[in-house]
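Visitor: Fit chains B, C and D to the known structure of chain A by using the hints.
There are 4 protein chains.
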Amino acid sequence: MIKVGIVGGTGYSGVELLRLLAQHSGVELTAITSRKEAGMAVADLFPSLRGRIGLTFSDPANAPLTSCDVVFFATPNGVAMGEARSLVEAGVRIVDISADFRIRDVGEWEKWYRMKHAAPELVAEAVYGLPEVNRAAISKARVVANPGCYPTAVQLGFLPLIEANVVDLDHLIADAKSGVSGAGRKAETHILFSEASDNFAAYGVPGHRHWPEILQGLAQATGKRVGLTFVPHLAPMIRGIHATLYARITGDVDFQALYESRYATEPFVDVLPPGRHPDTRSVRAANVCRIAVHRPHDGDMLVVLAVIDNLVKGAAGQAVQNMNLMFGMDETTGLVQLPVIP
Amino acid sequence: MIKVGIVGGTGYSGVELLRLLAQHSGVELTAITSRKEAGMAVADLFPSLRGRIGLTFSDPANAPLTSCDVVFFATPNGVAMGEARSLVEAGVRIVDISADFRIRDVGEWEKWYRMKHAAPELVAEAVYGLPEVNRAAISKARVVANPGCYPTAVQLGFLPLIEANVVDLDHLIADAKSGVSGAGRKAETHILFSEASDNFAAYGVPGHRHWPEILQGLAQATGKRVGLTFVPHLAPMIRGIHATLYARITGDVDFQALYESRYATEPFVDVLPPGRHPDTRSVRAANVCRIAVHRPHDGDMLVVLAVIDNLVKGAAGQAVQNMNLMFGMDETTGLVQLPVIP
Amino acid sequence: MIKVGIVGGTGYSGVELLRLLAQHSGVELTAITSRKEAGMAVADLFPSLRGRIGLTFSDPANAPLTSCDVVFFATPNGVAMGEARSLVEAGVRIVDISADFRIRDVGEWEKWYRMKHAAPELVAEAVYGLPEVNRAAISKARVVANPGCYPTAVQLGFLPLIEANVVDLDHLIADAKSGVSGAGRKAETHILFSEASDNFAAYGVPGHRHWPEILQGLAQATGKRVGLTFVPHLAPMIRGIHATLYARITGDVDFQALYESRYATEPFVDVLPPGRHPDTRSVRAANVCRIAVHRPHDGDMLVVLAVIDNLVKGAAGQAVQNMNLMFGMDETTGLVQLPVIP
Amino acid sequence: MIKVGIVGGTGYSGVELLRLLAQHSGVELTAITSRKEAGMAVADLFPSLRGRIGLTFSDPANAPLTSCDVVFFATPNGVAMGEARSLVEAGVRIVDISADFRIRDVGEWEKWYRMKHAAPELVAEAVYGLPEVNRAAISKARVVANPGCYPTAVQLGFLPLIEANVVDLDHLIADAKSGVSGAGRKAETHILFSEASDNFAAYGVPGHRHWPEILQGLAQATGKRVGLTFVPHLAPMIRGIHATLYARITGDVDFQALYESRYATEPFVDVLPPGRHPDTRSVRAANVCRIAVHRPHDGDMLVVLAVIDNLVKGAAGQAVQNMNLMFGMDETTGLVQLPVIP
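Residue numbers (my numbering), protein chains in the order written: chain A, 100 to 441; chain B, 100 to 441; chain C, 100 to 441; chain D, 100 to 441.
Don't read these hints as lab results, they were simulated from the structure. The beta-carbon is built from N, C-alpha and C at its ideal position, and this holds for glycine as well. Mixed in with the good hints, there may be bad ones.
[To be verified] Residues from chain A that face chain C, not an exhaustive set, calculated with beta carbons under 7 Å:
#, residue
1, 280
2, 288
3, 290
4, 292
5, 293
6, 296
7, 337
8, 372
9, 374
[Stated by the list, open to error] Heads up, simulated DSS-like pairs for lysine-lysine below, C-alpha to C-alpha not over 27 Å straight-line:
#, chain 1, residue 1, chain 2, residue 2
10, D, 215, D, 135
11, A, 210, A, 323
12, B, 135, B, 102
13, A, 285, C, 285
14, C, 135, C, 215
15, A, 285, C, 135
16, A, 135, A, 285
17, D, 285, B, 285
18, B, 210, B, 285
19, C, 285, A, 135
20, C, 285, C, 215
21, B, 285, D, 135
22, A, 285, A, 215
23, D, 323, D, 210
24, A, 239, A, 102
25, D, 102, D, 239
26, B, 239, B, 102
27, B, 135, D, 285
[To be verified] With the Cβ distance kept under 8 Å, some of the chain B side facing chain C (calculated, not the full set):
#, residue
28, 298
29, 299
30, 335
31, 336
32, 347
33, 350
34, 351
35, 374
36, 393
37, 396
So that you can see chain A by itself, here it is in the shape it has in the complex (with noise of 0.2 Å):
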């Protein structure tokens, strides 16, 4: 049994991978760390964890995270580059599902999350979480940056075809709908149920931090830099993204079959047949990337659907699939949920 703790664990990262660490056959949960609900009952917090889950808050200051094999951070931005350092050395495994380690240019993450970096050479070490490109990689990685709930989406979404090269790369768009669980567990008035209800509006136009994460993995696929708009929304659910990608055809191949091929063998991605809508609820709460593509009036525009839970593939879930990457585990092992609907 691997020996887990979790830094950071009251808000909707935390929670859900208390859902599925509680569910997993090859982890035994040993600290969960917040510094406000310290000496909590988690079950206290979170009655749905009600006798499934008996630990109580620890300060970080004290809790037990030296004698675990890994420790995911699920803390706001800023807090696991902090700490990740000493764990490491520890011989302590880290996959931190927070924006810490994403972003291997350091200037530009600085840039954009408003901070000096405090452990650039973690940055350089560290192994972007996206399994589907980087398994091998994860695997024996020592500290694992979880990627982004967006970038996710988006990437999965767009690899096949900027890996086969067969669009325009300097005109992407991806056009991002978020739940409103994605902004986190937060006393913030524009995520109040009486604002975000029946409402829909976009955000962030001018500049996103998932932006420069997505142009990083894509331009990794392609070995050069690509173009991006993207365009994030609010849209009134709880869980989920859809991400609509648009992308100019340059290279005329069976895109279906690209995108079949490219993901035959991955267990969380799904390839719709032709003609199909993906919708969010049909990958609520599991772990799973589903994708359709489409060619509309056979025209010279490609429209490709991916949707994914934010808070499994967007964030839990992939990390408990990196863990078991990590250690050598079934990398299915306790995500075998099935999505909840309706």
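Guide: Below, chains B, C and D without anything else, positioned relative to chain A:
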């Protein structure tokens, strides 16, 4: 492995049963019928099941139901009573999720369900499938009548009081709120998104079919007729029942202790500590009933709050629980999924 | 034209008041204050008002409130009581949408609101602004205490029964459900979209501030203390209150006729025909209370269903109705907008 | 007072038309038809109209439509084309909210709507009712084809760019999101609350009937055929359309100034200041289109955000606006209700 058949798998109870059975270690899904969708792959209708359920809907006429050990009816009312006898005679055991076998008084049933009962002798034999009351009888039953969603929540909420005879049994009140999935997957105007969303209303105040079912259960617990006012409401959420129960106190006991003691060994009933208010999401997608007991202002009115997921403990989950009992499996097999929050 | 000021215009009662007053033919909006947003154009905070409200939030210290004919307080509890006296002395009349002047027993108020009252003499003078009860007094009042949202629905629902003395006044039950906007526009975790959506729960069962307010109103109607169990619930919708009221019948009258007669001349109370169930959307964004009366199974328990929009008849709309009465305008001025469905 | 008739008043466009006309000072509602609900009081079907609309649904055969000045068709596609001619010949002017007269190329219409057109000569005569383009022609029209909801938002969003010829007209992209009421008040499974809630999906990517309508409008503005990829999505909200438009910049102008100038005198189009993101609730229940223009990272891709309420500016409100123009009334009569937030 137990061979399982499902009659009528295209509604919400049916698809929820599929979700649970696909994750159940002791069953082999053998047949699923739908007159309307015969020939269609189950996963084409419900993409959430892609890669996990390989079955195709069979026409009821050809389905190999008699070779099953157990058949679930997830059909509209009036279907199971017509098909149950031949299955029972073939040695197949039955869990009916519809209402056909719930009311022991056939005349009363016919009044509320407005049709002639086709199998009164099976009504006499059927066991009401509320494990917290009838566990022993269920384990030996050939036909189990799976309780309605409201009746499950209301009975579990009232039973300790009734059995202990500490409240006025002539003036019980159950103010119950249900998510819209309780109305089924039927194309009806009043449950359209644009009608039911951002809206709240009572319905069926003059009379609702679950009223006689609840009355029957409570009367059985006390040995005499009780008086109950039952007001169901439609709440703008997909899943969940919240029953708010009112009873005038006639005998002064420690109500918290009464509830904790009554349900101490129940795997799927969770009595909350004093002062808590269960929310429906704390049982979302899980086979749990959570209950809290309040005595406001130390007055003579007791308030009991009980929540379930109407599709799990209120339908498909309880059906699996009953199946587990009928076949001597651990009662919790396949039912340990944690609630999905947020 | 009446000169109107608003103190605290950034919450939901405030912005709803702006919506209504902008369409009111008899008023001139003169000042609106917000300590936090001083200097910001109202339409910058609420783009729905662009082109229609030209005002800028003033700092409360500088706002020309004393030159107004009437000032509305749409503030958190505890603000109006500190500022009302000087305005009243300057000849300004007041409609307080907060709770500061609702409870006549100052000690009781201080117990529930956990602060010392700053203006007990104005409590004594203030008129409780439920026009269906206090119309004449309101028209002459200097200070009107606008009722709470739950108290409006519950009192309008119970009043005919209480005044006619035909039910057991010791065991009244009000099971009330509110949309989330009733909790205000405050950054609090429990009313986040991801917490409150697709969820349902009771709260405040041990005690809620609206309980003494309702008790006071019902007691005034009958001349003696009544007994009431009040259970509020949070429903996943933006607007709306649905009160389900239970009373044991002691005097046999034609209840439908009783209600129709009591509210025959009321412009904003609509008694539905027998057998109907009002839904909250039928009053969405309108200053109406709809009521239905049921006697299930001809038993001895009466069930009354009452719905309002908590922000209109439960707050800003009733405040405008009170203003109309205070200034001798037609009571319905500015309040004839039709409900918005779907 | 203009005498108004409505054919087909039981859908969402119909009831929204009733809400608006009931508050319109210049009309007298004379007849409303519904084959299915003939004889029923309108306010019995829609309790929100109780006390405000006294009409009863008439059978279409007997309704006094020819004595009306104007008749609105709020019918399914294919009805208006059969009934319009006789009304026009009787001197009645027509606003068709359905799609019968929107596409000038009858063959194209027949292909998309899968029926033979019954009145091609009226198609030739009909004026496309987008006042921001065709105001003068509308004022003299006998038949106005009220635009579709998506086409209204997409055209208003693209028009300034097209007219100024400053973007690549061969590769326009419209990623549009609609509330569920856009699908109408029809009993269909996919728009049930339990299907559409907490869910998001694209639909109609291979082809949607609003695509040729938008193409026609944009082509008319530029004088030649344009290329457009149009992807509609179903969002879990009742009302609202959010169109996110992408166009590659070919001519460098001040885009903010271009939009402000184009719509400077339009009463119902609001161009937001730079940097803003319109949300659909900012136009909820109001006849307004709000638009924002972005050029992310100063690149060569322009992003335009346009929101409307699909039932108001996207249907009934625009229909009333057209009627106002046709009868020489102030264009804003009856359309000044403020958006309802929250």
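Visitor: For every hint, state whether the structure bears it out.
Guide: Consistency of the hints with the structure:
1. 280: Status holds, d = 4 Å.
2. 288: holds (5 Å)
3. 290: holds (6 Å)
4. 292: holds (4 Å)
5. 293: holds (4 Å)
6. 296: holds (6 Å)
7. 337: OK, holds: residue 337 of chain A within 7 Å of chain C, min 5 Å.
8. 372: violated (30 Å)
9. 374: Interface hint status for residue 374 of chain A: violated (30 Å vs cutoff 7 Å).
10. D:215 / D:135: holds (25 Å)
11. A:210 / A:323: At roughly 21 Å apart (the allowed maximum being 27 Å), residue 323 of chain A and residue 210 of chain A satisfy the hint.
12. B:135 / B:102: holds (24 Å)
13. A:285 / C:285: holds (12 Å)
14. C:135 / C:215: holds (24 Å)
15. A:285 / C:135: With a Cα-Cα distance of about 20 Å, the restraint between residue 285 of chain A and residue 135 of chain C holds, given a limit of 27 Å.
16. A:135 / A:285: holds (13 Å)
17. D:285 / B:285: holds (12 Å)
18. B:210 / B:285: Distance of about 23 Å is within 27 Å: holds.
19. C:285 / A:135: With a Cα-Cα distance of about 20 Å, the restraint between residue 285 of chain C and residue 135 of chain A holds, given a limit of 27 Å.
20. C:285 / C:215: holds (23 Å)
21. B:285 / D:135: Measuring from Cα to Cα gives roughly 20 Å; hence the hint holds.
22. A:285 / A:215: Distance of about 23 Å is within 27 Å: holds.
23. D:323 / D:210: holds (21 Å)
24. A:239 / A:102: holds (18 Å)
25. D:102 / D:239: holds (18 Å)
26. B:239 / B:102: holds (18 Å)
27. B:135 / D:285: Holds, at about 20 Å.
28. 298: holds (4 Å)
29. 299: holds (5 Å)
30. 335: holds (5 Å)
31. 336: The hint holds - residue 336 of chain B has a Cβ within 8 Å of chain C, the shortest such distance being about 5 Å.
32. 347: holds (7 Å)
33. 350: Result: violated, 17 Å to nearest chain C Cβ.
34. 351: violated (17 Å)
35. 374: holds (7 Å)
36. 393: holds (4 Å)
37. 396: holds (7 Å)
The structure does not agree with the numbered hints 8, 9, 33, 34 stated previously, though it agrees with the rest.
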